[in-house]
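Keeping their order, the protein sequence lines are chains A and B. Its first residue numbered 1, the first sequence is counted upward by one per residue in our numbering. Its first residue numbered 1, the second sequence is counted upward by one per residue in our numbering.
For the record, the hints were derived by calculation from the structure and aren't laboratory data. Predicted, not measured: the structure shown is a model, and the values here were computed from it. For glycine and all other residues, C-beta sits at the position ideal for the given N, C-alpha and C.
Restraint ranges, calculated between C-beta atoms of paired labels, are given here:
no., chain 1, residue 1, chain 2, residue 2, range
1, A, P80, B, G153, 56 to 66 angstroms
2, B, P278, A, G74, 54 to 64 angstroms
3, A, G23, B, V122, 57 to 67 angstroms
4, A, P80, B, V108, 30 to 40 angstroms
5, A, Q129, B, K165, 51 to 61 angstroms
6, A, G152, B, I472, 30 to 40 angstroms
7, A, G74, B, G153, 47 to 57 angstroms
8, A, Q129, B, K445, 52 to 62 angstroms
9, A, K295, B, P548, 50 to 60 angstroms
10, A, D106, B, K165, 46 to 56 angstroms
11, B, K279, A, K107, 43 to 53 angstroms
12, A, N10, B, E345, 13 to 23 angstroms
Computed list of lysine-lysine pairs in BS3-like fashion (alpha-carbon distance at most 25 angstroms, straight line):
no., chain 1, residue 1, chain 2, residue 2
13, B, K563, B, K576
14, B, K181, B, K165
15, B, K8, A, K265
16, B, K139, B, K279
17, A, K51, B, K8
18, B, K34, A, K51
19, B, K8, A, K75
20, B, K120, B, K189
21, A, K71, B, K8
22, A, K3, B, K8
23, A, K51, B, K5
24, A, K3, B, K5
25, A, K71, B, K5
26, A, K292, B, K286
27, B, K542, B, K532
28, A, K75, B, K34
29, B, K522, B, K563
30, B, K189, B, K199
31, B, K5, A, K75
32, B, K139, B, K125
33, A, K69, B, K8
34, B, K409, B, K201
Covered stretches of chain B (in silico footprint by chain A; criterion: 3 or more residues with CB under 8 angstroms from a CB of chain A, positions within the stretch not fixed):
no., region
35, 2 to 12
36, 52 to 63
37, 288 to 296
Here is what each chain is made of, one letter per residue.
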Amino acid sequence: MLKEYQTVVNVQGPLLLVEGVSGVKFQELVEIELPSGKKDKGQVLEVENDKALVQVFEGTTGIDIPQTKIKFLGKGIEIPLSMDMLGRVFNGLGRPIDKGAEIIADKMADINGAPINPYARSYPNEFIQTGLSAIDGLNTLVRGQKLPIFSGSGLPHNRLAAQIARQATVLGKKEAFAVVFGAMGITFEEAQFFVNDLKKTGAIERAVLFLNLANDPAIERIATPRVALTTAEYLAFEKDMHVLVILTDMTNYCEALREISAARKEIPGRRGYPGYLYTDLSTIYERAGRIKDKKGSITMIPILSLRMIKRTRYLTLPDILLKVR
Amino acid sequence: MKNGKIIKVSGPLVVADNMSGSKMYDVVYVSDYKLMGEIIELSGDRASIQVYEDTSGIGVGEPVYSTGAPLSVELGPGLIESIYDGTQRPLDDIREEAGDFITRGIQVHPLPRDKKWDFKPVKKKGDTVEEGDIIGEVKETAIVTHKIMIPPGMSGEIIDIKSGKHTIEDTICVVQSGKEKHEIRMYQKWPVRIPRPFKEKMLPDEPLVTGQRVIDTFFPIGKGGTACIPGPFGSGKTVTQHQLAKWADADVVIYVGCGERGNEMTDVLQEFPELKDPKSGQPLMKRTVLIANTSNMPVAAREASVYTGITIAEYFRDMGYSVALMADSTSRWAEAMREISGRLEEMPGEEGYPAYLGSRVASFYERAGRIIALGSDNREGALSVVGAVSPPGGDLSDPVVQATLRVVKVFWSLQADLAYRRHFPAISWLNSYSLYFENIKGVLKKKVGEDFINLRADAMKLLEKEAELEEIVRLVGADTLSLPDQLILEVARSIKEDFLHQNAFHEVDTYTSLEKQYLMLKNILFFYERAKEAISKDIHIKTIRELPIVEKISRMRYITESKIGDLKKLHDEIDKEITHLINK
Numbered sequence: 001m002l003k004e005y006q007t008v009v010n011v012q013g014p015l016l017l018v019e020g021v022s023g024v025k026f027q028e029l030v031e032i033e034l035p036s037g038k039k040d041k042g043q044v045l046e047v048e049n050d051k052a053l054v055q056v057f058e059g060t061t062g063i064d065i066p067q068t069k070i071k072f073l074g075k076g077i078e079i080p081l082s083m084d085m086l087g088r089v090f091n092g093l094g095r096p097i098d099k100g101a102e103i104i105a106d107k108m109a110d111i112n113g114a115p116i117n118p119y120a121r122s123y124p125n126e127f128i129q130t131g132l133s134a135i136d137g138l139n140t141l142v143r144g145q146k147l148p149i150f151s152g153s154g155l156p157h158n159r160l161a162a163q164i165a166r167q168a169t170v171l172g173k174k175e176a177f178a179v180v181f182g183a184m185g186i187t188f189e190e191a192q193f194f195v196n197d198l199k200k201t202g203a204i205e206r207a208v209l210f211l212n213l214a215n216d217p218a219i220e221r222i223a224t225p226r227v228a229l230t231t232a233e234y235l236a237f238e239k240d241m242h243v244l245v246i247l248t249d250m251t252n253y254c255e256a257l258r259e260i261s262a263a264r265k266e267i268p269g270r271r272g273y274p275g276y277l278y279t280d281l282s283t284i285y286e287r288a289g290r291i292k293d294k295k296g297s298i299t300m301i302p303i304l305s306l307r308m309i310k311r312t313r314y315l316t317l318p319d320i321l322l323k324v325r
Numbered sequence: 001m002k003n004g005k006i007i008k009v010s011g012p013l014v015v016a017d018n019m020s021g022s023k024m025y026d027v028v029y030v031s032d033y034k035l036m037g038e039i040i041e042l043s044g045d046r047a048s049i050q051v052y053e054d055t056s057g058i059g060v061g062e063p064v065y066s067t068g069a070p071l072s073v074e075l076g077p078g079l080i081e082s083i084y085d086g087t088q089r090p091l092d093d094i095r096e097e098a099g100d101f102i103t104r105g106i107q108v109h110p111l112p113r114d115k116k117w118d119f120k121p122v123k124k125k126g127d128t129v130e131e132g133d134i135i136g137e138v139k140e141t142a143i144v145t146h147k148i149m150i151p152p153g154m155s156g157e158i159i160d161i162k163s164g165k166h167t168i169e170d171t172i173c174v175v176q177s178g179k180e181k182h183e184i185r186m187y188q189k190w191p192v193r194i195p196r197p198f199k200e201k202m203l204p205d206e207p208l209v210t211g212q213r214v215i216d217t218f219f220p221i222g223k224g225g226t227a228c229i230p231g232p233f234g235s236g237k238t239v240t241q242h243q244l245a246k247w248a249d250a251d252v253v254i255y256v257g258c259g260e261r262g263n264e265m266t267d268v269l270q271e272f273p274e275l276k277d278p279k280s281g282q283p284l285m286k287r288t289v290l291i292a293n294t295s296n297m298p299v300a301a302r303e304a305s306v307y308t309g310i311t312i313a314e315y316f317r318d319m320g321y322s323v324a325l326m327a328d329s330t331s332r333w334a335e336a337m338r339e340i341s342g343r344l345e346e347m348p349g350e351e352g353y354p355a356y357l358g359s360r361v362a363s364f365y366e367r368a369g370r371i372i373a374l375g376s377d378n379r380e381g382a383l384s385v386v387g388a389v390s391p392p393g394g395d396l397s398d399p400v401v402q403a404t405l406r407v408v409k410v411f412w413s414l415q416a417d418l419a420y421r422r423h424f425p426a427i428s429w430l431n432s433y434s435l436y437f438e439n440i441k442g443v444l445k446k447k448v449g450e451d452f453i454n455l456r457a458d459a460m461k462l463l464e465k466e467a468e469l470e471e472i473v474r475l476v477g478a479d480t481l482s483l484p485d486q487l488i489l490e491v492a493r494s495i496k497e498d499f500l501h502q503n504a505f506h507e508v509d510t511y512t513s514l515e516k517q518y519l520m521l522k523n524i525l526f527f528y529e530r531a532k533e534a535i536s537k538d539i540h541i542k543t544i545r546e547l548p549i550v551e552k553i554s555r556m557r558y559i560t561e562s563k564i565g566d567l568k569k570l571h572d573e574i575d576k577e578i579t580h581l582i583n584k
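Take these sequences, add in the hints, and give me the full structure.
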């Protein structure tokens, strides 16, 4: 039986401070029961003596100090994986929101994944034809790489990404192909555009969608790209599929990270973003790739909208990390 | 040994109490997963530990095991051709043990324990040896002969020495000093944060030939020197680093991929075994040690990776080799320091970087140098360090760039606009500098040619003059310039396109020997001299530009090293064609 604590001492922004706990682990999954009976999910950010700092994914609205109950679940955030996920729609934490049945897990996996051993990587060299001359001719997309789209408000980056998802093929080969779509803080319309586009071409049958829309809790976005990539890794390296992961909009992800960092009163790096932004982003971007002796691959198209299109922006620093190759 | 207890976990930082008796920078194992960590702060019996692996699932109350020893690397046969992570764990062995992904708490030996090496002693029983003396050799690869040295701090008389096939753990030699007997094995351990000792440091006096024309001719680095390549993204830092790792005339190359992309390391791993060393004809991998801490691997190990790299480099330097260390990129290393510093809640300096950034960077580069190694034979070794820096937005006022420029002697300034124009290597000839030129001038004169120094100065003058003229051209157009000035533009273009520009992916062009560089530059400048004469005889620049020789000059770079005589013939052809033009 898991212990339940009713010892919240502080709620601030997306963070909860719980006292008098024991045996809590770093990055452990937390279940929070609100006075209203609603259950939210959270994650341990820091443990110190008998105190635990918890980030609440679904926002802290409705949480009070005397009545809120906290349960530490003794494991990291895991999602169930199965081939049945293809064609389904999930929220940013991986729970179905298309009124369909729960996923029966073929395998449970921690969303943080593990770094690919550089020695096990195989160099991306299979050319993907996207049919867009500006990409194919000058900035070729290769299987297992990342091709970021830097954009701004009002520019058609979604159309471009959808077009790539629709048209991308490796010449002269018939292979299992899947699209994993991770939406972070984009509007319903933008998300619907992708859904419709995938439906139109029938690609929805081979797509898994994770939607965290603009009005969904901002902190949930921290988990969304990881959930999407864990699914992609499963499809690519266990089910031998070629997976195209579209992540939009990474700027919103970074802002959620900044929000937590600010709430923790951390010393900021540049532009208020935390000093570990680079490391954090790389744990997402570096999950793209190919592995020796495995058939599948993960190709990633993250989309970033820059508030002002300016290359010196701090955000571009970690992002160019995924430049070509 | 007494065990500590965890009281706080925050990302890669773990705080434990009951740690009295530990020393700064001691290695500890955290929790029963045995995650490797290093003590970076002590206060009372409390220790802050940076953990080299992912800390998810670690909680308060779990044990911390001290080892009482600082982070060390194993130095011995088996280093060459290895690929290590930031704490010297071989990645190929990790793959064998844990599969394609790096999981936690894996412990593997840095050097193979079961492999037998053929040890050939060079000393015999009864010889007196001092620290650093070479007692024997192991042919490690076709290129590198691994010299077994007496570890620092030991000396005495050899009372037993073996030969033949042994593993690195076998005792191969026993040294007696007074009543004490030291058993010597083929490997030794050395803490990474302490520079290995040497007898004396000297100024670099010889160029490190890299085969890259813009570097060797204009901004050379000395053997034992330091250089930095800052540049914006996409300007070719990594390609330049790879070129140096491939072609630098060092005996051993250490390549540290620090916080960069995984696919880049794969690139190195696939390419190096296929490329041939221009001197020995053997695969380049046979003189290379790779250290890879890609950006998604734990951040604390990234901080350690540059130290791991330089300690291995110093070890080979001590054998009397010329070693080159490439670190790509030191910005990631500095960011790792920043991250840990932030977690420790230290007062930040510029842009959140810790206040000790400058001193850490300086003491890292200071480990480079040309030295006389320990040992009675006074052998000379050199360690050159080339660090890439990736400042955000290519902004050179970035604290990491500034801290680096204060200590390095060579600055190769990569420019985004050159890269956009597809001029590679995108090293700016106007902004870069090398402070080694005075030191190595003598050697260049003797090895390459008496007039090489002057040629270089003349070419530089033309390039500087061109930059001035460009201003006028932008305002009023090239045709308004006087004919001699138009000729300067033409020759400067030739220097830029036919000499400075170099294609890293072309079989022949990728490497140019010093002799060929000299002849190429000589031809271009000879052409300038003769053309100037022709212009003074009222021959129009257009006529000169149409000479077939201009085309031949632009193809000089594709002449293979074995046909270097063709360049000398070209010299005569230039003379003939222009004389013909003047006499017509």
